[in-house]
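Peer 1: This is what each chain is made of:
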Amino acid sequence: MREGILRSSRYSPGNMDRESLEALFVGREEVMQDVLSRVVASLEQPDKHYILLVGPRGSGKTHFLALAYHRIMDSIKAARLENKTTVALLKEEEWGVASYLDLLVRILKALAEQSPEIRAEVPRIYEEFTRDPAKAENLAASLLRQHTQGKTLLLLCENLVDLFQGLDLEGQMRWRALIQESGNWSILATTPTLFTALQLQDNPFYGFFTIRELKRIDFDSGLALLTKKALHEEKPELARFLGTPLGRARVRAIHHLAAGNHRAYVVLFDFLDKESLDDLVGPFMRLIDDLTPYYQDRIRQVPPAQRKIVEFLCLESNPRQVKEVAAACLMSQQTTAKQVGELDAARFVSRIRRGRNTYCEISEPLMRICIEVKDNKASHFRLFVELLRHWFSNRELERRVAALRHDEHRSRLDQVHLEQAVELHLADGRQPFIEILHAEAERCLDAGDYPGLAAVQATLVREGGSDHDYRLWVFALVQAEDSQSAISAIEQAGERCLDDPLHLHNVAMAYAIEGRPGEALFYVDRALGLDLDSEDQAAHLCLQADLFRDLGHLDEAIEAAEAVLKIDPAHWHSFEQIIPALTTLERHEDATARMADFVQLAQGDFDGLLAASRLAEDQGWLEDALSSVEAALAIEPESTNAHQLRGNLLLELENYQIACEVFREIISRDPDSVSAHCRLADALALAKDFEGSALAAKHLIELDSDHTHAYFARGRALIELGRTDEGISVLDHLLATDDYHSLVLAAEESRLVGEYSSAKRHLDRAAELEPDNPELWIERTRLGIDLGDFDSAIASATKLEAITSSAIPARLLRAQAQAGSTPLSEVISDLETDLVLKDVHDQDALGRVVSIMLAVSVRQFGAKYLHQGIVKLRELFGDAMGQGVVGNILVDFLHQNTADFEGPLEDWEECLDKLARSLADLPECSIPIKMLNAAVRSVKTGDKNHLLTLPLEQRQLLEENLFST
Amino acid sequence: MQINPGGRLNTQEVMGRDREIARYWDILGRQGLVLSAERRIGKTHIALKMRDECGPRYLPFYQDLEGVHSINELIRSIYDTVRQSLATAPRFKARLATWSTLLPDRIGGIDIPTGSRNWQILLATAFDDLINISEDKIILMLWDEFPLMLHNLQRREGPDSAIELLDHLRALRLAHSNRLRFLYTGSIGLHLVLRSLRKAGNANDPVNDMHSATVPPMTHRDTCDLAAALLKETLAPSDLVSTLASLVAEEVGGFPYYVHHVVDQLHQLRRPITPDDIVSAVGGLIHDPHDPANFQYYVNRLSAYYDAADRGVTLMVLDTMAGLEQAAPVSQLVNLCRHRDPSLTEEYVREALKLMAEDHYVTLKRTKGGLVYDFRWQLVKRWWKETRL
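These protein sequence lines map, in sequence, to chains A and B.
Residue numbers for the first sequence follow this note's numbering, so the first one is 19 and each next one is one higher.
Residue numbers for the second sequence follow this note's numbering, so the first one is 438 and each next one is one higher.
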C-alpha cells in the first residue's frame, strides 16, 4: 500500500497522505464516482473498462489518481476481492518508459512491491535480455500472464502520452494484443493532452479509452478548495473569512490569476490572508523562485516557433488575434494558426472565437513569471502588479505611493510596483479590485445574501463609493433588518440620494424597522412629494398605511390604503390593511362590506381569493374564509396550498371528518407532504381516531425526523390508546429538541394520565429554554396540585403572578393550590372579588376554576370545608355572577375527580344536608345536590342502587365519572 | 449493462450479433472465414463471443496478432496461446499436461539459430501437435488483426515472407481440411494487403478458399435494444427509454461504439434526458473541433491507399452521395457526378463504388427499385455533408 508522507504539496500530490488527499479533493466527486464505479465493475465482472483522465498540467490529475488508488483499495477490501485483483500503480515519475518490454518490467516491478515471488523473477528478464531481447519480452509477458491469471490486473498510470511515446507504434500494437488476449486488464490512466495514437482510426488504441476530462475548476470549486486547505492547515479564521463576501472577493482575485488551474490555487493560497504590502512581497518572491524552473522547463519542451508565440502572449495582458501574433512573431498567419492550434492542443494557449476572429491568450497566467524573469529589461513583475490591482483599490494604491515617497527606508521594489499599478489605472481606467467587489455584490444580491451585500457595499463606500453604492448599502442593511446600521449608513450618506424615491423608501423602512415610525413617515412624505410614477406612489402609500397603523392612526391608515387601491385595485395587501383597521375601529359593517368588496374583486383571481380567505380566517370569519378558498379551488383544483388552507379551516370549524378527507386527498397526490400529515394527525386526534392519528404521526416522523409536533401527536395518540409507556417514550424525543411549546403540551398530556415524572422532565427541559414563559408556570402549578405538593404549586403560582401582566389567572391558580392546605372559605375570602369579577368576564371559565378549587379541597379534606366554602362563594360571587352560577359550579364539581369522597359517610351526609338547606332558595342547585347525594352514598356503600333515585341521563353522567375505572 | 465505450464487454452482454454469428458458424462448418470491418465495429467481441460460446465440435483459440512482427513470433504465440487457453478453460485442462511436455522442445526449436530458416517445418509441427491433442475436434484459430500482422511481416521480413506464410497457411488448410479452420479478422482490409503483395510479385490469391465477409452494422432493432439497455443506466425517464433509444439508433446508425459513446455523453449530463440532448450529443460528436470520432480518417485514408486518379473520382462520388437524402442507384450517381465532370464514364464510377464498398465507405442495398448505394454509416454521411458540402 502506498503511504503518503506529506500533508500538502504543490508538485507532488501523489506523496500526500490519504487524509490530506480527501480533505483537499474538490470539484471532481462526480467524475470520481463514475471512475470508481467503472473500476469496481471491472474488478467484479468480466467487463473491463479503460479510463483516461485528460486535464492540463496542474489540473489535479495526480491528486485524483492518488486518491482513486486509496478508494479503490478500500473497495477491494470491502468486496473481499484481494484474491481476484492485482493492482499495478506506476509512479508519478514513470515517464522514462522506453519500450514495450520496459513497460512490462515496470508493471511487474509495481506488482513486485506486494509479491516477493515476482520480485525474485524480474532479474531473469534482465538476464534474458542480454541474450535475446525478443525472448526477454516473451518472458516478461509470460510472467505477467502467469502472475495475474484468474485475477483482474488494474493498471494505474500517469502521463500516458509520455508512456506511448516510449512505446512506439510496434510496442503499442504488442501491448494492445496482450490486453486483448489476456482479457483481464483494466486501466485508469491520466494524460495532460490527447494524442494521435488514441485519435487516429488506424492506430491500435483508437477509441480504446473512455475519456473523462478534468475541467478547469470554476470559482465555486476554487473557493471550496481554498477553504478546505485553510481548514486542513488549521487556519479556521481564514476559512471563516473565505465564507464572507470580502473573503470571496479575495478568492476572485486568486481565481483571475489561477484561471481554473488547481496547482495555481494551491500556490496562491499563501496570499489569501495577506493584507499589507510587505506581507505580499515575500510570498510573491518565493512564488517566483518556486515556479520559474517549472514553467521554464515546460516552455523549453515546445518547438522554437511555438516558444516564440508563448513568450509573446506571456507579455500581453489581453487576448490577441492570430494576425497580431503572426506580425509580432514574424511568421505567416497560416504558420501561426497551425502553431497556435498545436499549443491549444497542448493546453499552453487558449483560443477564443469571436465571430470570424480567433483570439488567443496564455492558458495559465502564472506562466508569465518565467518570461518576466528572463526579461531583464523590465523593472517590475507584471503579475505582481496585476495582483496588487486585484488586491487594493486605486485609491489605496495611490495612498501607498504617496506614503512611500516620504519614507526614507522605502523599498525600491515596492515603489516600482505600486507606481506601475497606478500608471496602469491611468492608462486603462480599470479598477480590478472594485470590479471584483461589484461582482461579489451582484452575487450576494442574486443569492439574497443581504448581510454579505451590506459588507461589500460598506467596503465600496469606504473606497469612495458612488451614490449607487450608498443606495445599495442602505438597501442591503434594510433587507438584512439591521436597522441600526442602516440608520448609521443613512446618516453617513447625508443628503446623498435623497431625491431617489426608491432610496427614500429604504430609508423609511430602516426607521420603521427600528421602531421609529414618525421619522419613517417623514421620509415617506418626502418621497410622496417627488414626481413619482403610479407604481412608486402606490409602494410609498402602502408603506405609509402600515406606518399610520403602527402609530395607531387607523383612519389615516385606511385612507392611505384606499389611495393605493385607487391606483391598483388588485393590490390585495391594502384590504389586509383596511379590514383589520375597520374591525379595530369597531366599524364592523364597513369591515364586512370591504371584505365583500375584496371577495368580489378577487372573483376569478386565484391568488386574490386565497388572500381573501386568509384575511377572513384572521378575522375569525371562518365560513367566509371557507367560501373564498373553495372559490379559489374552483379555479385551481390542484392547488395544494388551497387544499391545505381548506383543511385547516374545516378543522377550525370542527368539521373533523371532512378535514381528514381533505388532508388525505392532499397526501394521495403528494405522499411526502409534511404539512398535510401534520394536520391529518391532529384532525384524526380531534375526531377521536387515535389509531389513525398515531399512524399519520408515524408517517410524518418518517418524512421528517426533526418534526417535533409529530412526536407530540404520536405520543398523545398512543397515550389515548392506552399505550402509555410507548406514548411517553415517544414524547421523550422532545427532550432533545428546542420546541418549547410541544414540551409544555407533552407535560400536560403526561400529567393528565398521571405520568408525573414525565411531566416534570418535560417542564424542566422547557424551563431551560424559556424560564420566564407563563405557560411553564401554569403547568408547573397544575402539576404541583395534582401531585398534592401544594407548597410547590403555590410557589409556582406566585412566580406566575410575578411574570404576567394580569395577576388574576395566577391568583386563581394559587387559590386552587391553597385549597389543598387551607379551608375553602378562607381561600375564597382571600380572592379579591372585585378584581376577579372585573378581569374574568366568562362565567363558565370562573366556574371551572372554582370547581377545581372545590375538588382539591374535597380530595384533601373530604366534606370538611365544602359547605362553608360554597356558602362563602355564594356570598361573594353569587349575586354578581348572575343566576344559576352556583348550580353550574356544582355540576362542574361533579365532573371533577371526586370518586373517593374522603372521610366518613356521616360527615358527607351532614354536609349535604347543610348544603341542601343553604341552597334551598336556588332551584338550579337542587338537581346537582341530589346527584351529589346519590354519588356519595353509592361510592361510600358500594351500592349502585343509590343511583337509581336519579333519572337515566343524570345516572349515566355519574356512572361515567364515578365508575368508569 | 454498463456503458463502456471502448472497453471490454462480458461476451454474454454482446448484443445484436447472434444472427451474424450463426451465419459465421455455418460458413466455418465448410470453410475458413475472413471478416473485415473498421476498428471499433466489434470484430474482437464477435471473435471472443464465438470462442466462448462455440459448440463441442470445435477447439477454439483466440489470438490478437497485432503485436506479431515475425513468423517465429507467430509460432511462439501459437504455443503460448494454446497453453494459456488450455490452462484457463476447465474442459480442456486434461490436454494441458500433454501440451506442456511439448513446449520446451518446440520453443527450443524456434530459438535455435536456424529456427527462422525452418519456420515452415516448425509451423507445420505446431499444427500437427495441435491436431494431435485435439482428438476428434476441429481446431478453430481465431486470428484477430491478421492483415495487420501481414503488414508488419511485410515491413519487418519483406513481402516474400508474408507471401510464403499465406501460401503455407493455405496448404495447411487444404492438408487438414476436416480438422482445421481459420477465422481471420482485420481492421485494415485484407484486400489492401494482398493488393500490395501482388504489386510485389505474388500472383496467387492465397485466401480464395476462404469466405470473405464484412461485419455489417447492427440492425435498427438491435441498435435500439442496445441503446435502450444502456439508457437504463442513465437518468433517462423510464417511459421515454424506447423513444430515446430509437432516436439514438436513427442518429448514430448500427455502430455500437458510437452508441456507447453517445449514451456516455448523455450519462454525464446527470439529469433526465430529452430527445434534444441526443441531437446535441450526436451534433457534438460531429462538430467537435478535436474530432473525437476521427471522421477525418475517412478522408485521409483515401490519400493513403488510393492513387490520385481514383481519389478524385472517389471523393466526387462520396460528395455526391452525401448530398442525397436517400440511397441512390448507380445511374443516378453517375448522372450527378457528370454534372461536375461530364467526361466521367459509368464504368469508372462503378469501379470506384466497388472499391469503396470493399473499404467499408459505402454499402450496396437491394430495394424494390433495384440496387442502391449509400454511405455505410449514416453518421459518417452526416459528418461528410456538414463538413465538406
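Heads up, some of the hints might be wrong.
[Said to hold, decoys possible] Each computed EDC-like pair below joins lysine to aspartate or glutamate, with the alpha-carbon atoms no more than 20 Å apart: (1) B/LYS480 / A/GLU252; (2) A/LYS292 / A/GLU334; (3) B/LYS480 / A/GLU893; (4) A/LYS716 / A/GLU672; (5) B/LYS802 / B/ASP489; (6) B/LYS669 / A/GLU48; (7) A/LYS169 / B/ASP489; (8) A/LYS253 / A/GLU37; (9) A/LYS233 / B/ASP542; (10) A/LYS169 / B/ASP642; (11) A/LYS169 / A/ASP220; (12) B/LYS669 / A/GLU135; (13) A/LYS958 / A/ASP939; (14) B/LYS805 / B/ASP778; (15) B/LYS669 / A/ASP52; (16) B/LYS480 / B/GLU450; (17) A/LYS356 / B/GLU450; (18) A/LYS102 / A/ASP65; (19) A/LYS706 / A/GLU766; (20) A/LYS153 / B/ASP489; (21) B/LYS486 / A/ASP931; (22) B/LYS486 / B/ASP728; (23) A/LYS706 / A/ASP724; (24) A/LYS356 / B/ASP517; (25) B/LYS574 / B/ASP747; (26) A/LYS948 / A/ASP931; (27) A/LYS153 / B/ASP517; (28) B/LYS805 / B/GLU795; (29) A/LYS233 / B/ASP778; (30) A/LYS292 / A/GLU414; (31) A/LYS153 / B/GLU594.
Please keep in mind that the hints were generated in silico from the structure rather than gathered at the bench.
Peer 1: Looking back at the numbered hints, which does the structure fail to meet, lowest number first?
Peer 2: 1, 2, 3, 4, 5, 9, 10, 11, 12, 13, 14, 17, 20, 21, 22, 23, 24, 25, 28, 29
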